[in-house]
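S.K.: What follows is each chain in one-letter form.
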Amino acid sequence: MKTQTAPGPTGTASADLKIVPRRHLGRWIGAAAVVLLLVWLAVSFSRAKIHWPTVQEYLTVPVLIQGIGVALLLTAVAMAIGLVLGVVTAVMRLSKNPVVSGVAWLYIWVFRGTPVYLQLLMWFNLALIFPVIGIPGLYSGRMIDILTPFVAASIGLGLNQGAYTSEVVRGGILSVDEGQTEAAQAVGMTRLQAMRRIVLPQAMRVIIPPVGNEVIGMLKTTSLASAIGVSEILSEAQHIYYVNNRIMELLIVCAVWYLGAVSILSIGQFYLERHFAKGSSSRQLPMTPMQRLTSIFGTKRKA
Amino acid sequence: MTTNVLVRAENVHKSFGLNEVLKGINLEVNSGEVVCLLGASGSGKSTFLRCINHLETLSNGRIWVGDKVVGYRQDGNRLFELSDKEAARQRRSIGMVFQRFNLFPHMTVLENIIEGPVLVNKVKPTEAKRHASELLARVGLEGREQSYPRQLSGGQQQRVAIARALAMKPELILFDEPTSALDPELVGEVLDVMKDLAKSGLTMIVVTHEIGFAKEVADRVAFMHGGEIVELGPPLEVLGNPQHERTKAFLSRVF
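Taken in sequence, the protein lines are chains A and B.
Each step along the first sequence adds one to the number in the numbering used here, with nothing skipped, and position 245 is 245.
Each step along the second sequence adds one to the number in the numbering used here, with nothing skipped, and position 133 is 133.
Okay, chain B solo, but in the shape it has when bound:
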């Protein structure tokens, strides 16, 4: 089996002022792989995820997605931050799903989904609408095109947000705690959609507290603590037989 690396993070550091949040992250994610990032709040999971599509700048290190360094242009031994326009161009192929959905409340579900393809990728509106309806069916929301986000439950909103990310036909989707803002009974419907995506071969990096989901769906699990990845491996190893003290402590608290 040939595996090609889609995402490669090398020595990623990030500080907010004097507070060093990421202390040298190294991670490779293969094309088609699902990697779950676990860890306590404040361990740097979300910050690392936001670095992957350059919503955060880096203090040190590099992240590649495909063959491009995200957010920077290398010239000799310097990294020059890309212009807003160039960074936006890179983000087209990297989808993101947020904890608080962040749907555009002044737009209908359909408008939310086609906004990116039509405005950014210059897809014809009729074609974008057709694709949007397909995606809505895929996330189990056929016929909800004309609803406004406020009229939907949290679980439905998050599924629309997933459809919105898929509409850009990304090669990678980042999930930032996609079920943390949901009522317990709505978590399942979102996880089901994500499982479905994982099966279809989409590359996914998921920050989550859902240990069950990680165990079932992830190819590999990374456990983060204090801005570092302290344990990385198949879910059964990391979750079933944790080696690191912190991982053991975290898992014993979660279960």
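Isolated chain A, as found in the complex:
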């Protein structure tokens, strides 16, 4: 038998050839550029007239912690409203009933088509149209008593969010194969049962990443609620720097709190995505950081 030789002037046996992995020169240049940029930013921040002890001092001021708390609470309430409305209107839009799908379409058209800021102002001033509210014979109250800034902001942000979430959910539902509904119907489920038990859980996989995005967006949008008198973190910070003039310092404090809150939300999203990835791939689920840690130490102990 003849041994295989590589083409070229000097034939070498395959066994003697050395395989060299691809060199990633671009990555090194890129990383160096990023590091340089960061150093430059750090230097300019430290040279600027930022009084860092002030930042540290205001980081734990109760009003600001309360402010981020209000922002988080508003995010939770508005997202809850938005998700429920989003799922309901998405199912409505896909309905064969033209009245039902028409109503859903109208809702999305109105609430997606006007600025959130405008909607917030409208909810806050709703008393101009409906001065009193109530159930005839049971209860009635003045609108301005019921629609406090926080309630108005929750409803305003929630309804606006619902219109966007609706489209996300609709996309998720459409991504699930029609055969799934048919198989569910074939075992005697109604369309609604099939939607709840079979289609929506599968749609979640597609829905969660963009909704996670929107939760984070919502956290930041809550700062608009200061326009109607909700005391969230950014408006509280403004109140402080109007007095002491430490503008940059207080804005940095806010940024730190927002970044912290977003990081926690992102962790929640990771676990949620993992939960709904069940059965979606023949590969194993991505490891949680805890599992990764134990697996690292596990192998070390074995070795």
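It should be emphasised that the hints constitute simulated quantities derived from the structure, not laboratory data.
Heads up, some of the hints might be wrong.
To be verified - Part of the chain A face toward chain B, derived, beta carbon under 7 angstroms: (1) Gly179; (2) Glu182; (3) Ala183; (4) Val187; (5) Thr190; (6) Pro201; (7) Gln202; (8) Gly279.
Claimed, not checked - The list that follows gives simulated cross-link-like pairs (lysine-lysine, DSSO-like), each with its CA atoms no further than 27 angstroms apart: (9) A:Lys96 with B:Lys85; (10) B:Lys169 with B:Lys85; (11) B:Lys122 with B:Lys85; (12) B:Lys129 with A:Lys278; (13) B:Lys169 with B:Lys122; (14) B:Lys129 with B:Lys169; (15) A:Lys278 with B:Lys124; (16) A:Lys278 with B:Lys122.
To be verified - Here's a subset of chain B near chain A, in silico, CB distances under 7 angstroms, partners left out: (17) Leu55; (18) Asp84; (19) Lys85; (20) Ala88; (21) Arg91; (22) Arg92; (23) Met96; (24) Arg100; (25) Val120; (26) Ser147; (27) Tyr148; (28) Val230.
Note that beta-carbon positions come from the ideal geometry of N, C-alpha and C, so glycine has one too.
Place chain B on chain A using the hints.
M.R.: For chain B alone, coordinates are given in the frame of chain A:
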């Protein structure tokens, strides 16, 4: 021998827009009988099968399963389409196995099988699980309860789908090309399970391209062409000595 008719289709028409897919199907299937529907693609076999459990509405005609008209309520000389809830109730006793399995990918094998009985028939979960394990053994998949569909081969998935249909204790199972999406070496295991079911006396209507299976298992074979049943009879007659031009042409192409 007394035979009672389980499925009766009378003058079934179905159009999608201007395209008339079924042009007056008449067929009776007795209780315990296995009927295979053969024919080229586009001859209306699958559409007819889907009409039997009202996954498709009818344009004309009626289909009875047992003593009930499927999907409609007759009042005088009108047929009113049933509500979604009533149609769902009727489908409980009609199982269906799909070409692409359509298992629920987010559920384990066990959850796939017990979903219908527990949610729809209100069977106790413990009882449903016990029955599911029995059914899995029957289709040759004992011990695979906790697997997810993606972890199974096509043949195994289709056998789970059959177990899922059986879990509802149906009086009739519809098979829509159950082996067409399978690799050739996996077809046999699914057909074996189906043969077993046929022997147990289950009423089956099978849309298939497996002539061998039809010959061996079917009590009768219906050959469809252009939305009509052009030939109907015992497999040896229809397949061995076809009378209709279309049947002859089809069989000569298949063999």
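S.K.: Holds or violated: are the alpha carbons of Lys129 (chain B) and Lys169 (chain B) at most 27 angstroms from each other?
M.R.: With Cα atoms ~14 angstroms apart, Lys129 (chain B) and Lys169 (chain B) stay inside 27 angstroms; holds.
S.K.: Is the interface hint satisfied for Arg100 (chain B)? The criterion is a beta-carbon contact with chain A at less than 7 angstroms.
M.R.: holds (6 angstroms)
S.K.: Can we keep the Arg91 (chain B) interface hint, with Cβ of chain A closer than 7 angstroms?
M.R.: Holds - the Cβ of Arg91 (chain B) comes within 7 angstroms of chain A, reaching about 5 angstroms at its closest.
S.K.: Using 7 angstroms as the Cβ threshold, decide whether Lys85 (chain B) counts as touching chain A.
M.R.: holds (5 angstroms)
S.K.: So, Gln202 (chain A) near chain B? Judge it on the closest CB pair being under 7 angstroms.
M.R.: holds (5 angstroms)
S.K.: At a threshold of 7 angstroms, is the proposed contact between Tyr148 (chain B) and chain A supported by beta-carbon distances?
M.R.: holds (4 angstroms)
S.K.: Would you settle whether the hint for Ala183 (chain A) is holds or violated, based on the nearest Cβ-Cβ distance to chain B being less than 7 angstroms?
M.R.: Constraint on Ala183 (chain A) satisfied, holds at 4 angstroms.
S.K.: Under the criterion that the straight-line Cα-Cα distance not exceed 27 angstroms, is the pair Lys278 (chain A), Lys122 (chain B) satisfied?
M.R.: Roughly 25 angstroms between the alpha carbons, so the hint for Lys278 (chain A) and Lys122 (chain B) holds.
S.K.: Given the hinted pair Lys129 (chain B) and Lys278 (chain A), is their alpha-carbon gap at most 27 angstroms?
M.R.: holds (20 angstroms)
S.K.: Could you check if Val230 (chain B) really has its C-beta closer than 7 angstroms to a C-beta on chain A?
M.R.: For Val230 (chain B), the interface hint is violated, since the closest Cβ of chain A sits about 28 angstroms away, which is over 7 angstroms.
S.K.: Per the CB criterion, is Val120 (chain B) less than 7 angstroms away from chain A?
M.R.: Holds - the Cβ of Val120 (chain B) comes within 7 angstroms of chain A, reaching about 4 angstroms at its closest.
S.K.: At a threshold of 7 angstroms, is the proposed contact between Val187 (chain A) and chain B supported by beta-carbon distances?
M.R.: holds (3 angstroms)
Hints 26 and 28 from the list above are not met by this structure, while the remaining hints are.
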